[in-house]
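Asker: Sequence:
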Amino acid sequence: MTDPAPASAPASASARDALRAAAARIDAATPAGRDRAVDALRALAILGVVLGHWLVTALVADGGTLRAASPLRDMPWLAPVSWAFQTLAVFFLVGGHVATRGYASARARGETYGHWLAARLSRLFRPVLAVLGLWTVTAALLLLSGAEFGTVRTLVKLALSPMWFLLVFAALTAATPLLTRLSPLWPLVVVLHVDLLRFGFGAPSWLGWVNVAAGWLVPFTLGAAWTRGELDRRRAGLLLLAGGTAATAALVAWAGYPASMVGVPGAPVSNLDPPTLAAVAFGLAQCGLALLVRDPLRRAMRRPRAWAAVAVVNLSAMTIFLWHQTALMATTAGTLLLGRLPGLHTRPDGLHWVAARIAWLPLSALVLAGCWAAFRSCERERGRPRRSSRVVRAHRPASTTRTAGARHV
Numbered sequence: 001m002t003d004p005a006p007a008s009a010p011a012s013a014s015a016r017d018a019l020r021a022a023a024a025r026i027d028a029a030t031p032a033g034r035d036r037a038v039d040a041l042r043a044l045a046i047l048g049v050v051l052g053h054w055l056v057t058a059l060v061a062d063g064g065t066l067r068a069a070s071p072l073r074d075m076p077w078l079a080p081v082s083w084a085f086q087t088l089a090v091f092f093l094v095g096g097h098v099a100t101r102g103y104a105s106a107r108a109r110g111e112t113y114g115h116w117l118a119a120r121l122s123r124l125f126r127p128v129l130a131v132l133g134l135w136t137v138t139a140a141l142l143l144l145s146g147a148e149f150g151t152v153r154t155l156v157k158l159a160l161s162p163m164w165f166l167l168v169f170a171a172l173t174a175a176t177p178l179l180t181r182l183s184p185l186w187p188l189v190v191v192l193h194v195d196l197l198r199f200g201f202g203a204p205s206w207l208g209w210v211n212v213a214a215g216w217l218v219p220f221t222l223g224a225a226w227t228r229g230e231l232d233r234r235r236a237g238l239l240l241l242a243g244g245t246a247a248t249a250a251l252v253a254w255a256g257y258p259a260s261m262v263g264v265p266g267a268p269v270s271n272l273d274p275p276t277l278a279a280v281a282f283g284l285a286q287c288g289l290a291l292l293v294r295d296p297l298r299r300a301m302r303r304p305r306a307w308a309a310v311a312v313v314n315l316s317a318m319t320i321f322l323w324h325q326t327a328l329m330a331t332t333a334g335t336l337l338l339g340r341l342p343g344l345h346t347r348p349d350g351l352h353w354v355a356a357r358i359a360w361l362p363l364s365a366l367v368l369a370g371c372w373a374a375f376r377s378c379e380r381e382r383g384r385p386r387r388s389s390r391v392v393r394a395h396r397p398a399s400t401t402r403t404a405g406a407r408h409v
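Residues in the sequence shown are numbered consecutively from 1, following our numbering.
In case anyone wonders, no lab produced these hints; they're calculated from the structure.
Be aware that one or more of the hints could be misleading.
Claimed, not checked - Derived SDA-like pairs: lysine to any residue, alpha-carbon spacing no greater than 25 Å straight-line:
id	residue 1	residue 2
1	K157	L47
2	K157	T335
3	K157	S122
4	K157	R126
5	K157	L297
6	K157	L142
7	K157	V210
8	K157	R299
9	K157	P76
10	K157	T180
11	K157	R305
12	K157	R302
13	K157	S14
14	K157	S270
15	K157	L143
16	K157	R67
17	K157	L178
18	K157	V128
19	K157	G339
20	K157	A249
21	K157	E111
22	K157	G33
23	K157	R234
24	K157	L129
25	K157	T136
26	K157	L188
27	K157	T65
28	K157	L207
29	K157	P177
Said to hold, decoys possible - Between beta-carbon pairs, the in silico distance windows are:
id	residue 1	residue 2	range
30	A171	A140	26 to 36 Å
31	L289	R25	28 to 38 Å
32	G229	L129	37 to 47 Å
33	P362	G266	39 to 49 Å
Built from N, CA and C at the ideal position, the CB exists for glycine as well.
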């Protein structure tokens, strides 16, 4: 007498078949001319930021108070973690490329600048309302329940910290018509002079905020150069990667810039807040690497399941970005009733904390998935059919423009 086959086997096979069929549908719905490497780079940039924040952001329970900390302060030798996951430059590179191609496509269709801009910004800011609404209510309830003001301020500050990115990105997107021909060298020169005045001649520290615009203009205008076809040769990527890497190493080794490419609480200088010349040089290296991996990514995206995963991330990019810090804090606060847990509530001062934090990442991902399920509808345009998404829809500009054949927005 033989044992019956486990009931879970057919169920798992059925789930795999369903996933394979869904991936095949997404793949079939994608226009053949779409540059899938662009979407892959955007997805990698978003996921890099999420993982980076989850690895270097700590909330330490000190009595009844939660305070922000970072393992990079007690373990500065972990700075390479910030090199791997501080991927905002790649996002701005892709953003500049997509914005300039999209604007050229809109002009070819006879669409006005105002209509084009409203369509682009609406998807950026629709999910913001849900985040602001939830955290307004949450902060009020915490204060009314007797939570310490310092704890509430820390939570709200971390939850809303992604908003600065949206404001800068929106401003650069609005300026796209003025940036289509701007050379990246101009904002790079501005960053260089601002840092020279700040760190070399003792200029006021507030001058550094000029670099919030100038620093992110560098990768954004590199994206415009990509659209113009100036970065198509492999040599461009190699020069950016080699030059950016050498400049970053020199600035860290001999000019006193921090090795970490993210802010560290208590550090006298932050490379990111506002961006420094070292952060911009590092971003150039990242952009060079991104340009070099375009062809391998295009080949990888021919696989339906890989492309489906990238498509899902792109469809929910803003939801994932805006809610990932909330997911981390919900994980931290929700488990506080169990006591001070390593990797969540303890001081990030050793490898034991790093190992514990990595072990907690799946739980944060599960909470983020819950946030995604609850709020992803905020990212879709009202009245737009589900199947005509931005990931599978193609713009077809006139063949007379330099951007003819653009297939991504």
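Asker: What hints, given by number in increasing order, does this structure fail?
Answerer: Structure breaks hints 5, 8, 10, 11, 12, 13, 17, 20, 21, 22, 23, 26, 29, 33.
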